[in-house]
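What follows is the residue order along each chain.
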Amino acid sequence: MNPLIYAWLIPGIPLVLTPIPILAGRRLERGSGYIAIGSIAFSTLFSVYLLIRPPLTPAFQSVSWIAFGTGRLSVGIYVDHLSILMSVVTSGISLLIQVYSLEYMRHEEGLPRYWTEMMLFTGSMLGFALAGTLITMYVFWELVGVCSYLLIGFWYTRPEAAAAAKKAFVVTRVGDVGFLVGIVLLYLNAHTLSLAQVINQPINAVVSPQMRTAISLLVFFAATGKSAQIPLFTWLPDAMEGPTTVSALIHSATMVAAGVYLVARLYPFFLVSPYALEVVALIGSASAFVAATMALVSFDLKRILAYSTMSQLGYMMAGLGVGAFSGSVFHLLNHAVFKSMLFLSAGAVLHVLDTRDIREMGGLLRRMKVTSLAFLVGALSLSGIPPLNGFFSKDDIVGAAFSYGVSTGDYVVYILTLGAAAITAFYIFRAFFIAYVLPPRVSRDREAKEVPLVMTLPMVILIALTFITGWLWSPLGDFFQPYVRYSPLLPFESEPALYLIVVSVGFALLGIGLSYITYVRRTIDPEEVNSNTLGSALRTLFSKGYYFDDAYDAVAKAVSYVIAGGIDYFDRCVLDGAVNGIARLVTEAGEKVRITETGRVRNYAAAVLVGIVILLILFVVI
Amino acid sequence: MDLTQITFYAIAILASVSALGVVASKDIVRAASFLIVALSMIAALFALLGSLFLSMVQLMIYGGAVIVVILFGVMLTRREEPKSRIRQLTRSENLAYLGFSVLLVLTLAFLEYRIGGLYLRPEGIPADSQAIGIVMYSQYRGVVIALAGLVATAGVGSIYLVKRKRGDSS
Amino acid sequence: MISLFQVVLFSTVLFAIGLYGVLTSRNAVRMLMSIEILLNSANVNFAAYAAYTGLLQGIVAAIIGIAVAAAESSIGIAVILLLDKNFRTVDLDKIKELKG
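Protein chains in written order, with the working numbering: chain A, 1 to 622; chain B, 1001 to 1170; chain C, 2001 to 2100.
Bound-form chain A, shown alone (with noise of 0.2 Å):
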């Protein structure tokens, strides 16, 4: 069958089932669940056929949407090895998520709307993965804001997810503002919007460079928006109010590697723009830095893999910053896989002992071992610890980063990411060890006890993924490298020399071991540098995330304020003024009319006369 169709089935089949759950959800009841895996399972297995034959060269196919004048929008599909690549990562994580769920949000309210929110999510990531337009991926992006919006605030009679929801859509949405002028700009300058061409021909379709800088630019802004990037980060952490699944699904695994994807679709776009990539590495540099920090103060499990997940997108744009688009590309996937598990893990964590605070978890070795299993495995990929997937990748861009500072003389960004490889192997062992190995420092009356088959199912499936998708680097997985290669012409990248890796990976277990003496010898005790000056100050700058969070609130009141008082000022003293005016004027006018009025007919009378006169002298004069 031709290819094609299968890329319009796989975001199609789940978007249009997705009104089913709601409508039908009271009669189907489970049966819902069962919609959403079912078609789900398709697009996989759609994608998974993808995978093993794709077409040779990249294809394209599209349908014209709306025509003006000379100008046509198109919808429009474009299948190559990264988008089969995403869709397949996609469409796979949400299959195991879906079936976690079943258990998870088996006694929840408001079941198919989840379920709807969750299969318009899939569908809307998908068509977002295999879109071949411009104008296409925007309307799923957005769609995939909505989704997130709506899943972040599932609980939304509790204020703290509803502020969260709406935050989120709100900080995104600023980044989408610099998306549509970016597309705008592109289709004033190429007069098309079809990737094919836009990636194929970058210079052809832009011709001034600066115009492409500025569209690169814009594009990346909406990126940082999706992605958690410094500046629209600010989002990130508060959506973990949602369900732990969606923070799983979207929040780790596909929407916010939407961001990565967008600038890894339009490479060979950044590539001819100048300054692009560089200011897209030095964000994502920086981001994942700055993460790593916030995520070594916060006692919330699920925020501190929120932080982790903003630091690992860094690591992915800085990698394509520095010219690791396959590194890049291959962490996306790593990250996917064993981040959705760090997720899983803590989401059964939390269903059993009903609190997110790590102070009050801990002593689940025993009982819950496939759980503490995965939370385990998943920290030692993030530490980037051969020889599970997370060490390929983010040896890989760690190396192009050393190498960039060879080539260009600017070390910053591999100061950056091998810093924060150090903080981040700390906080996640601080974590794994506060939650999972040490007792609970506050006593807790739940008991631990193992999740079902239902949620350590798709646990165990991770782990095992999470060791065997790194060897699909090595030259065992030669087939694999196809797909993340940027293009079959380029020379696949080489392996960074043995003395950067045996660098990197010492700095992780620096980390590990930092933590250990930390947490669990208390040789250091935390509490001590906690009090210090430097400590303290540092612990605020963190954990109020670098005042980003105030800085906004503060703009934001500020510019409400100026507008709201300038338009209270027109409408009190203009318009009211105006309409006071009127009466005013009416009545005063009134009073002086009055006069007249003195209910004597002798006056009348004389009135009446010296109308009758007035009439004829006009009657005679005209």
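Among the hints, erroneous ones may be present.
[To be verified] The list that follows gives simulated cross-link-like pairs (lysine-lysine, BS3-like), each with its CA atoms no further than 25 Å apart: (1) A:LYS557 x A:LYS166; (2) B:LYS1026 x C:LYS2094; (3) B:LYS1165 x C:LYS2085; (4) A:LYS544 x A:LYS557; (5) C:LYS2096 x A:LYS592; (6) B:LYS1163 x C:LYS2085; (7) C:LYS2096 x B:LYS1026; (8) C:LYS2085 x C:LYS2099; (9) C:LYS2096 x B:LYS1163; (10) C:LYS2085 x B:LYS1026; (11) A:LYS592 x C:LYS2094; (12) C:LYS2099 x A:LYS592; (13) C:LYS2085 x C:LYS2096; (14) A:LYS449 x A:LYS369; (15) A:LYS544 x A:LYS166.
[What the hints assert, rightly or not] So the derived label-pair ranges between C-beta atoms look like this: (16) A:LEU609 x B:LEU1106: 33 to 41 Å; (17) B:VAL1151 x A:ALA606: 25 to 33 Å; (18) B:ALA1131 x A:ALA606: 35 to 43 Å; (19) A:GLY611 x B:VAL1143: 22 to 30 Å; (20) A:LEU609 x B:ASP1027: 22 to 30 Å; (21) B:PHE1072 x A:ASN580: 52 to 60 Å.
Since the hints were made in silico from the structure, they are not lab data. Small disclaimer: the values here were computed from a predicted structure and weren't measured. All residues carry an ideal CB built from backbone N, CA and C; glycine is no exception.
Mind docking chains B and C on chain A? Use the hints.
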């Protein structure tokens, strides 16, 4: 100075004086009396101008109906004692005045009936009732009918207006 | 012989007197009487022209005027009687309900 002129001046002066009396006399009853005289004088003038029919109509309606109505109104609404502002006519003066007016009108009527040359009327068109009737009921038919309606309505309306409603105190 | 002018002048004098009465009378009945004088002066005018042109339409107009005046005076008296009943006076200067 022929008779016509003298008559005319007499009528004019008397009518004007009476009209002034209507307006200026303090006592309302006196004013009503002056009004009767004025109206009669005008009737005389109509006779002098050649239309006896009109003068009869004037006397009948004004002197017969309107004055009665006005007198009723005067009687029913009198409140305070009359105070003189200008010199009021004495009783004998009043009588003389009234008598002279009546005399004038009657004389004129008689003269017209008998001599028929006192009034001003161009030759050719008789201004008697028949001619007037012809004009009224052929040319002005609609107006006449409307007038009839008007007068009827006015009559009924004025009765209705002053009718004592149920529950009135006075 | 009398000229048209003299008769019309007379009617004008009457009109002026009647007008003066309407404007200055405090008593409502007196005002009504002044109105009658006004109407009569108009009738004199009609009759004068009828006499001097020989057209009978003038006389017909005068008759119509008389009829209307009669109707109007009866309504007028009715109103005055109501005034008297409601306000206990026919002094027009005292009746100022419509003031303001």
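(request) For the range 33 to 41 Å, tell me whether the beta carbons of LEU609 of chain A and LEU1106 of chain B fit it or not. (result) This hint holds: roughly 38 Å between Cβ atoms.
(message) Can you tell me whether the CB distance of ALA1131 of chain B to ALA606 of chain A sits inside 35 to 43 Å?
(response) 42 Å, holds
(request) Take the C-alpha atoms of LYS2085 of chain C and LYS2099 of chain C, compute the straight-line distance between them, and say whether it is at most 25 Å. (result) 20 Å, holds
(message) For a C-alpha distance cap of 25 Å, please report whether LYS544 of chain A and LYS557 of chain A respect it.
(response) With Cα atoms ~18 Å apart, LYS544 of chain A and LYS557 of chain A stay inside 25 Å; holds.
(message) Is 22 to 30 Å respected by the C-beta to C-beta distance linking LEU609 of chain A and ASP1027 of chain B?
(response) 27 Å, holds
(message) Check whether the Cα positions of LYS2096 of chain C and LYS1026 of chain B lie no farther apart than 25 Å.
(response) Roughly 23 Å separates the two Cα atoms, so the pair holds.
(message) Between the beta carbons of GLY611 of chain A and VAL1143 of chain B, is the distance compatible with 22 to 30 Å?
(response) 27 Å, holds
(message) LYS2096 of chain C and LYS1163 of chain B were given as a pair; does the straight-line alpha-carbon distance stay at or below 25 Å?
(response) Holds, at about 24 Å.
(request) Sort out whether LYS1026 of chain B lies within 25 Å of LYS2085 of chain C, counting only the CA atoms. (result) 23 Å, holds
(message) For LYS2096 of chain C and LYS592 of chain A, compute the direct alpha-carbon distance and say whether it is at most 25 Å.
(response) 18 Å, holds
(request) Could you grab the alpha-carbon distance between LYS2099 of chain C and LYS592 of chain A and see if it respects the 25 Å cut-off? (result) 14 Å, holds
(message) Need the status of pair LYS592 of chain A, LYS2094 of chain C: alpha-carbon distance at most 25 Å?
(response) 23 Å, holds
Figure legend: structure checked against the earlier numbered hints; every hint is met.
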